[in-house]
Amino acid sequence: MCGIVGLFLKDKALEPDLGQMLSDMLITMSDRGPDSAGIAVYADPVDGIGKITLQSDFADTDFGGLDAELGVAISGDVSLVRRDTHAVLHLPLDKVADARSALAGLRPQARIMGVGEALEIYKEVGLPKDVVDRFGIRAIAGTHGIGHTRMATESAVTTLGAHPFNTGADQCLVHNGSLSNHNSLRRRLVREGMRIETENDTEVGAAYLTWKMQNGATLGEALDASLNDLDGFYTFVVGTKDGFGVLRDPIACKPAVMAETEQYVAFGSEYRALVNLPGIERAQVWEPEPATVYFWSHETSPTPSLKAA
Amino acid sequence: MQIIDLENENLRALNATLQAQSADTNQQEWEIVNPRGSHAIAVGLDAPIDVTVKGSTGYYCAGMNKQANIHICGSAGPGVAENMMSGSVLIDGDASQYAGATGHGGLLVIKGNASSRCGISMKGIDIVVHGNVGHMSAFMGQSGTLVVCGDAGDALGDSLYEAQLFVRGSVKSLGADCIEKEMRAEHLTLLQDLLDKAGSDAKPKQFKRYGSARELYHFKPDNAY
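So the sequence lines, in the order shown, correspond to chains H and Z.
Per this note's numbering, the first sequence starts with residue 16, numbered consecutively.
Per this note's numbering, the second sequence starts with residue 74, numbered consecutively.
Take these hints with a grain of salt, some might be off.
Residues on chain H that point at chain Z, a partial pick, calculated with CB under 7 Å [to be verified]:
#	residue
1	F73
2	L108
3	K110
4	D264
5	A267
6	E302
Under the rule of at most 25 Å between Cα atoms (straight-line distance), these lysine to any residue pairs were calculated in the SDA-like manner [to be verified]:
#	chain 1	residue 1	chain 2	residue 2
7	H	K269	Z	G248
8	Z	K127	H	E277
9	Z	K184	H	T168
10	H	K269	Z	K278
Partial pick of chain Z residues on the chain H-facing surface, computed with a CB cut under 10 Å [what the hints assert, rightly or not]:
#	residue
11	T90
12	G128
13	G147
14	P151
15	D167
16	Y171
Read the hints as simulated data drawn from the structure, not as lab findings.
Glycine residues also receive a C-beta, built at the ideal position from the N, C-alpha and C atoms.
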């Protein structure tokens with residue numbers, strides 16, 4: 016099953032409440048996915064500063080002193096904000112690639128969950144309400160975010176099997192459904208040099224999008240191509256730096272409901288997830304069409320990836 | 074009028090109360106407030122009562138309905154009026170996928186649009202959609218009537234048996250073995266009757282009729298993969 020929520024704020028006055036609203040939406044979707052939960056928030060991008068979200072099963076030892084050690088390794092200022100098993104590193108944007116390779120040596124047990132300027136990803140096993148609490152999601156302000164509650168079907172219930180999956184800088188993917196050709200596609204992507212860590216089907220979907228974009232596709236083009244290359248059922252929601260996108264497979268048996276008001280655009284696997292949003296009674300509510308890529312964005316003039324949609 | 078507030082009352086109690094109404098109940102009018110997208114509201118009813126749901130519903134609202142007239146003042150989630158036997162279900166807004174699936178009788182009216190698989194495997198139900206229907210609508214429909222005042226999506230009436238389909242707007246594509254058929258006087262009469270019952274002022278002559286070519290009733294080697 017699985018549940019997806021997404022919230023994109025048009026009204027800046029709501030930004031302090033982003034974590035609060037997303038948490039409530041996510042917890043309502045617990046019935047659809049009690050195994051694990053994850054959330055991606057887009058918050059506080061600062062010019063010239065990059066963010067790396069790190070996860071470790073040994074957070075106490077791994078995160079202690081990491082900011083100083085990494086700062087020396089990349090010759091730049093690094094600050095670290097820890098939330099339970101995750102930490103967000105802030106560092107000079109032009110040092111992000113150096114930091115990634117340095118981290119592999121400094122903290123081999125830690126895993127990079129997300130990279131970008133605004134993106135932070137938090138995900139763990141457990142009930143959505145517990146996951147929300149342990150990361151303190153309610154207190155996070157931001158411009159937009161997406162979340163996922165998982166009912167595992169294709170692979171084990173682990174932190175790395177939880178969604179969202181990072182696909183590129185400031186991009187991530189959540190998925191409701193099951194991909195049926197993920198084994199053959201995983202082998203193909205690994206031959207192409209992609210690194211895939213789990214048996215999870217969605218990780219393969221995310222790696223596929225990353226691979227397409229590394230070869231010149233825009234996110235919109237990569238999503239369009241996935242209609243031909245991915246077999247199975249899916250409703251995808253992708254987080255982007257300035258908004259989010261939605262794609263349902265052509266059969267469209269996985270549910271999706273959208274609501275839009277002057278204050279926000281919201282996505283839910285079910286209408287139930289949206290009922291606490293302000294002014295929902297007056298919102299325009301509809302179902303996204305099958306096999307159609309949608310994007311919502313803060314940008315007034317569309318970027319190339321938005322045009323491609 | 075009996076009012077049940079789902080903010081205070083739980084769903085099982087609501088359905089047990091409604092299901093307990095007999096044919097000669099004095100409590101003929103019911104209102105359900107604060108549905109908040111809950112699933113399985115007003116299912117399995119079997120009495121001639123009027124139920125109004127003040128808001129949008131989740132999965133399977135009004136499933137297996139017999140005799141009752143259920144009015145949803147909002148939009149309905151997947152599987153609304155699934156397997157309806159008799160009575161009526163009226164939806165002011167849109168309906169999600171497989172509205173009226175496998176319905177044996179009664180009337181389902183959707184004032185907005187219905188998404189995919191509307192009337193899939195219908196077995197006698199009459200469905201009138203004021204707006205559009207999505208792909209694979211009336212798939213394997215056996216009997217009953219689907220009236221679409223707007224447009225129909227891909228593969229309308231795929232593998233159709235004897236359900237009758239009427240569409241006023243465009244049809245994106247017809248499914249396997251579904252063809253356009255001649256509109257005769259008896260069809261115009263049937264259509265006028267359903268449009269009247271559904272509160273639509275569309276004119277029967279604006280519609281086209283679709284039905285089964287009956288080429289899939291018997292096995293042919295050409296049909297094998």
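Each hint, compared with the structure:
{"no.": "1", "hint": "F73", "result": "violated (41 Å)"}
{"no.": "2", "hint": "L108", "result": "violated (42 Å)"}
{"no.": "3", "hint": "K110", "result": "violated (47 Å)"}
{"no.": "4", "hint": "D264", "result": "violated (11 Å)"}
{"no.": "5", "hint": "A267", "result": "holds (6 Å)"}
{"no.": "6", "hint": "E302", "result": "holds (5 Å)"}
{"no.": "7", "hint": "H:K269 / Z:G248", "result": "holds (22 Å)"}
{"no.": "8", "hint": "Z:K127 / H:E277", "result": "holds (24 Å)"}
{"no.": "9", "hint": "Z:K184 / H:T168", "result": "violated (37 Å)"}
{"no.": "10", "hint": "H:K269 / Z:K278", "result": "violated (37 Å)"}
{"no.": "11", "hint": "T90", "result": "violated (22 Å)"}
{"no.": "12", "hint": "G128", "result": "holds (8 Å)"}
{"no.": "13", "hint": "G147", "result": "holds (9 Å)"}
{"no.": "14", "hint": "P151", "result": "holds (6 Å)"}
{"no.": "15", "hint": "D167", "result": "holds (7 Å)"}
{"no.": "16", "hint": "Y171", "result": "holds (9 Å)"}
Checked against the numbered hints listed earlier, the structure breaks hints 1, 2, 3, 4, 9, 10 and 11; every other hint is satisfied.
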